[in-house]
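*Asks:* Sequence:
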Amino acid sequence: MCLKALDGLHIGELELRRTTRPIELLEIVKIYESSFPFEERRSLESMSEALSSSSVCFFRIYRAGNCIGMLHCWCFSHVVYCEHFAIAQNFRNQRYGQMVLRTLLANAPKPLLLEVEPPTDELTTRRINFYEREGLSIVKTDYMQPPYHPSLPPLPLYLLSNEPQLAPKAISESVLELLAQVYRTEDRMKN
0 MCLKALDGLH IGELELRRTT RPIELLEIVK IYESSFPFEE RRSLESMSEA
50 LSSSSVCFFR IYRAGNCIGM LHCWCFSHVV YCEHFAIAQN FRNQRYGQMV
100 LRTLLANAPK PLLLEVEPPT DELTTRRINF YEREGLSIVK TDYMQPPYHP
150 SLPPLPLYLL SNEPQLAPKA ISESVLELLA QVYRTEDRMK N
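Mapping the sequence shown onto numbering that gives the first Met the number 0, position 60 (from 1) lands on 59, and the numbers just tick up by one.
Some hints here could point you the wrong way.
Unchecked claim - Only pairs whose alpha carbons sit at most 20 Å apart, straight line, appear in this in silico PhoX-like list of lysine-lysine: (1) 109 / 29; (2) 109 / 3; (3) 29 / 3; (4) 168 / 139.
What the hints assert, rightly or not - Derived Cβ-Cβ restraints for the label pairs, each shown as a range: (5) 153 / 118: 28 to 34 Å; (6) 166 / 28: 33 to 39 Å; (7) 141 / 179: 31 to 37 Å; (8) 33 / 140: 23 to 29 Å; (9) 91 / 52: 25 to 31 Å; (10) 179 / 22: 26 to 32 Å; (11) 155 / 125: 15 to 21 Å; (12) 3 / 153: 19 to 25 Å; (13) 88 / 143: 26 to 32 Å; (14) 92 / 47: 28 to 34 Å.
Derived by calculation from the structure, the hints in this document are not laboratory data.
For each residue, glycine too, the CB sits at the ideal point set by N, CA and C.
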């Protein structure tokens with residue numbers, strides 16, 4: 000696991016705990032559903048199945064013994080891909096997201112890569128601004144996220160990285176890993 004240093008790590012009043020068992024996912028359900036629209040969420044069953052992958056590093060974020068956030072990453076050949084990152088709504092704007100992201104960036108052995116919605120309103124613009132303030136830059140604007148649910152169309156998103164000069168080959172290979180491991184597009188094509 001490329002993010003082993005994060006497991007059990009205390010960041011001020013926060014603690015990161017690695018999610019290794021499906022039952023532990025129940026702690027993040029409300030945060031997950033309130034932070035991401037349906038088309039940007041995988042099913043809990045799919046998330047449970049992902050836990051068996053050696054590439055997966057899913058974490059729950061705790062404050063005072065309560066789960067207040069989630070950080071779901073995948074370790075790929077060229078990047079650490081951040082699939083989902085959220086702090087519960089009533090704990091936002093307290094710098095917890097910033098603390099966790101800075102810790103992730105300091106401990107990731109490879110550049111970070113994440114998807115974000117294009118800036119179409121105040122919320123999506125604020126989200127991109129947050130990541131840019133923390134040193135991430137847009138590296139690809141013509142990226143289409145495959146649907147988590149077969150009945151939905153692909154979703155246009157941006158890719159961001161803390162390595163602004165991430166080589167096009169590394170981006171292309173990382174997208175292929177994303178498609179195969181996270182979105183399992185090869186499995187869908189077989190069905």
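*Asks:* Broken hints, numbered, in rising order?
*Replies:* 1, 3, 5, 7 and 12
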